[in-house]
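Engineer: Residues per chain, in single letters:
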Amino acid sequence: MNTNNRALIATAAVVAWSWAVPAVADDTVYNNSFRLGSETVFYHTKADDLSGPYVPAGVNINPKDLETLYIAYVRHIWSGFEAELAIGYPPLAKVEGKGPATLGSVPYNGEVISTARWISPTLFLEYKFLSESSLFQPYIGVGVNYTTFYDRTSTAQGNAASGGPTKLSLTSSVGPAYTAGLSFNFSSRWHLYASYSIARVDTDLRADTAGVIRTTHIRFGPQALVVSGGYSF
Amino acid sequence: MTKFLKSTGVVLALVLATACGGSGSTTSQVSNSTAPGTLALDPPFRIASLDAATFEAELGATTTGAQLLQLTGAPACGVDFYYVKFWTVGGANEATESSGALMVPTGGTGCSGPRPILLYAHGTNTNQALNIADITDPTNTEGALIAATFAAQGYIVVAPNYAGYDISTLGYHPFLNAAQQSGEMINMLAAARTALPKTLTSATSDNGQLFVTGYSEGGHVAMATQRALQAAGAPPTAAAPMSGPYALEAFGDAIFFGNVNLGSTVFGPLLTASYQHAYGNIYASPADVYSPTYATGIETLLPSTTPLATLFSEGLLPQSAAFNSTTPIVTIPGQPVLSAQLTAALAVPSDPANPLTPLFAAGFGSPYLINNDYRVSYALDAASNPDGAVPTPAAGVPLAAAAPTQALRLALYTNDLRHGAWAPASPTLLCGGDQDPTVFFSVNTLTMAEFWSALPAGLVTVLDVNAAPSGPFAAIQTGFIGSQLQLLAFYQTAAGGGLSLAAAEQKLVLGYHTAVAPFCAVAARSFFSQFAGG
Chain A
1 MNTNNRALIA
11 TAAVVAWSWA
21 VPAVADDTVY
31 NNSFRLGSET
41 VFYHTKADDL
51 SGPYVPAGVN
61 INPKDLETLY
71 IAYVRHIWSG
81 FEAELAIGYP
91 PLAKVEGKGP
101 ATLGSVPYNG
111 EVISTARWIS
121 PTLFLEYKFL
131 SESSLFQPYI
141 GVGVNYTTFY
151 DRTSTAQGNA
161 ASGGPTKLSL
171 TSSVGPAYTA
181 GLSFNFSSRW
191 HLYASYSIAR
201 VDTDLRADTA
211 GVIRTTHIRF
221 GPQALVVSGG
231 YSF
Chain B
1 MTKFLKSTGV
11 VLALVLATAC
21 GGSGSTTSQV
31 SNSTAPGTLA
41 LDPPFRIASL
51 DAATFEAELG
61 ATTTGAQLLQ
71 LTGAPACGVD
81 FYYVKFWTVG
91 GANEATESSG
101 ALMVPTGGTG
111 CSGPRPILLY
121 AHGTNTNQAL
131 NIADITDPTN
141 TEGALIAATF
151 AAQGYIVVAP
161 NYAGYDISTL
171 GYHPFLNAAQ
181 QSGEMINMLA
191 AARTALPKTL
201 TSATSDNGQL
211 FVTGYSEGGH
221 VAMATQRALQ
231 AAGAPPTAAA
241 PMSGPYALEA
251 FGDAIFFGNV
261 NLGSTVFGPL
271 LTASYQHAYG
281 NIYASPADVY
291 SPTYATGIET
301 LLPSTTPLAT
311 LFSEGLLPQS
321 AAFNSTTPIV
331 TIPGQPVLSA
341 QLTAALAVPS
351 DPANPLTPLF
361 AAGFGSPYLI
371 NNDYRVSYAL
381 DAASNPDGAV
391 PTPAAGVPLA
401 AAAPTQALRL
411 ALYTNDLRHG
421 AWAPASPTLL
431 CGGDQDPTVF
441 FSVNTLTMAE
451 FWSALPAGLV
461 TVLDVNAAPS
471 GPFAAIQTGF
481 IGSQLQLLAF
491 YQTAAGGGLS
501 LAAAEQKLVL
511 GYHTAVAPFC
521 AVAARSFFSQ
531 FAGG
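Residue numbers (the numbering used here), protein chains in the order written: chain A, 1 to 233; chain B, 1 to 534.
Please note: incorrect hints may appear among the correct ones.
[As the list claims (entries may be wrong)] Short, incomplete list of chain A residues facing chain B, as computed with Cβ under 7 Å:
#1 37
#2 101
#3 168
#4 202
#5 211
#6 212
[Stated by the list, open to error] Capping the alpha-carbon separation at 25 Å, the derived lysine to any residue pairs in SDA-like fashion look like this:
#7 A:98 / A:200
#8 A:94 / A:230
#9 A:98 / B:200
#10 A:167 / B:38
#11 A:98 / B:53
#12 A:64 / A:144
#13 B:198 / A:53
#14 A:64 / A:52
#15 A:98 / B:113
#16 A:167 / A:89
#17 B:198 / A:105
#18 A:46 / A:200
[Unchecked claim] Some chain A residues near chain B, calculated using beta-carbon distances under 7 Å:
#19 152
#20 165
#21 208
Derived from the structure by calculation, the hints contain no laboratory data.
Predicted, not measured: the structure shown is a model, and the values here were computed from it.
Just so it is clear, CB atoms sit at the ideal spot from N, CA and C, and this is done for glycine as well.
With these hints in hand, go ahead and build the complete structure from the sequences.
Structural biologist: Printed below as a string of structure tokens:
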């Protein structure tokens, strides 16, 4: 099952649940909420070609889209305004080679050359339209994203392409983030959310293979489709 | 608000806990030891991995590569090119990191599993950044030659870049220093043997057979390495020094007495810098040897990252004028005849019967590189302590002079491979071309052949690729002579420059030393194949 299918099924399940359970809205406003759901991340990557010794022209990388668990804490600030701290379960992001079919005789294009996990908390200030008692509340938000990478691993195929065991490092990033979504309020405590978020992540990749250093600058514009359920207290 | 902070704190703690998970990747380990022969980075970096078809295609994409393929044959194996960094010592026994190539054959039968090692010493290169392992560098023609000739035919090739080149911070190159260069070859071999099982190509292993070869400067290095391995009780399976300056004292005498070789203005500074660092007595000041025009900075001029043509054009080195065109007058008190003979011997060559006279004469001019006084001091020592091969071969074995006293000549004697009681115990091929204007065949190769003439028949084989084709190497001789004729004809065509016959012949002479190399390399491979197993 591919990522898009899973997202579609998750969305359908949420919609089905929303029809099955009658909405009960009242005016009670709780200050705290947790949200849990599915986050599908679409990378929109622009990376400079790798530079460094023994790198032919046109060697690039391509991070693969992925799906992970979405967790968020939301704090009601004042009427209509909320702060959301969103964080995904650190997913295993796979990076494929992009460029020549082979480097020498080593397959490159389309090969998974590295993996990394990243933690990427985002703090949003959100504004919800309509009253808390409305069945639906559209919202928009702006915030700041912090992304850091760990468990960076060059795969066997990556090591073969790089020329040996390779140590990867990726700098952490702080950048703007934007979100827009819709909440469906079953009750004052239970909610369903669907949102689309965009962030800007800039990182410098440094690959060290036996002292031979290759670098590139990567600009991610990750776009996350989130479908989640929330509980307020 | 307190609740918010607490909740945020929990999430941040999660973030920090996971973010501190660290990297899951590692790279090569840096050795803490600087002992000679230590692999500095383990495992070494693989610059490229080419299967046989890709290697053939890449070589075939250039004119010179296609010509090389015609000579070496299509690759039977793929080749993985590793860049090995290791520790050795310089000419004054100072520790230095050096580097080189480990070329590992890949593929099926005859390419992987236990394979013989071929230890190769490259020729003189003025490019300080030389990395013979870098097959991606189109100027690395010697790397391509040994890869196509040996590695692509199933030999594990080990070849140092030499101290003073690439990553080495030595600051000079121990040029024609037999002890240092043979030691470095053996250090590189040890490092490569350590590295091989840990490479990405560990399916190819050392079968215990060792072949030693090298070209030009590397011919001297290969022979010195053969001697050193033998002295250490580990003689190579076979050796093939090629076009090397083995009989250094005789060669030096020939040059100082006017037979100036092609490239002498490059070899001179490399040689004096090397021996000055090793022995400390070549000069008190470079101006003792070199003319005021070039003395400043000459000690560190070569090797250089500046192209040789630029060094010439900027006036840092003369292109060919090694000696002063004004002949020095030698005056030895009480010996007018000898004085006159030496003065005549130091004159600009003018014998019209010798076809090499124009080449030798080109070694004289003004401005010139080496002072007349220094040249005379060398000549006086040569007259007092004559070499057994130059100027006139002595009867019997052509020994080097027993006790030269002039510092440079003593250094040449020390590094002359006739010096010291040794003879090859392994089958040895001495290959070269008899018209070589850079490293004289007769003075070096034929002198060594004569020096070892009492050895059992078949132990030392001499091959002149320019001789009339005969014997097991007839095809190689035919190929070389044919290629020279083709080049001569080509230079006279419009595409080749439309040169006159005389100019074409001159151009052929200029490229002769380089042209011999691939033919000798293929001859060496053919010679080694008699002994190589697997």
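Engineer: Out of the numbered hints, which ones does the structure contradict?
Structural biologist: Result: hints 1, 2, 4, 8 and 15 break, sorted rising.
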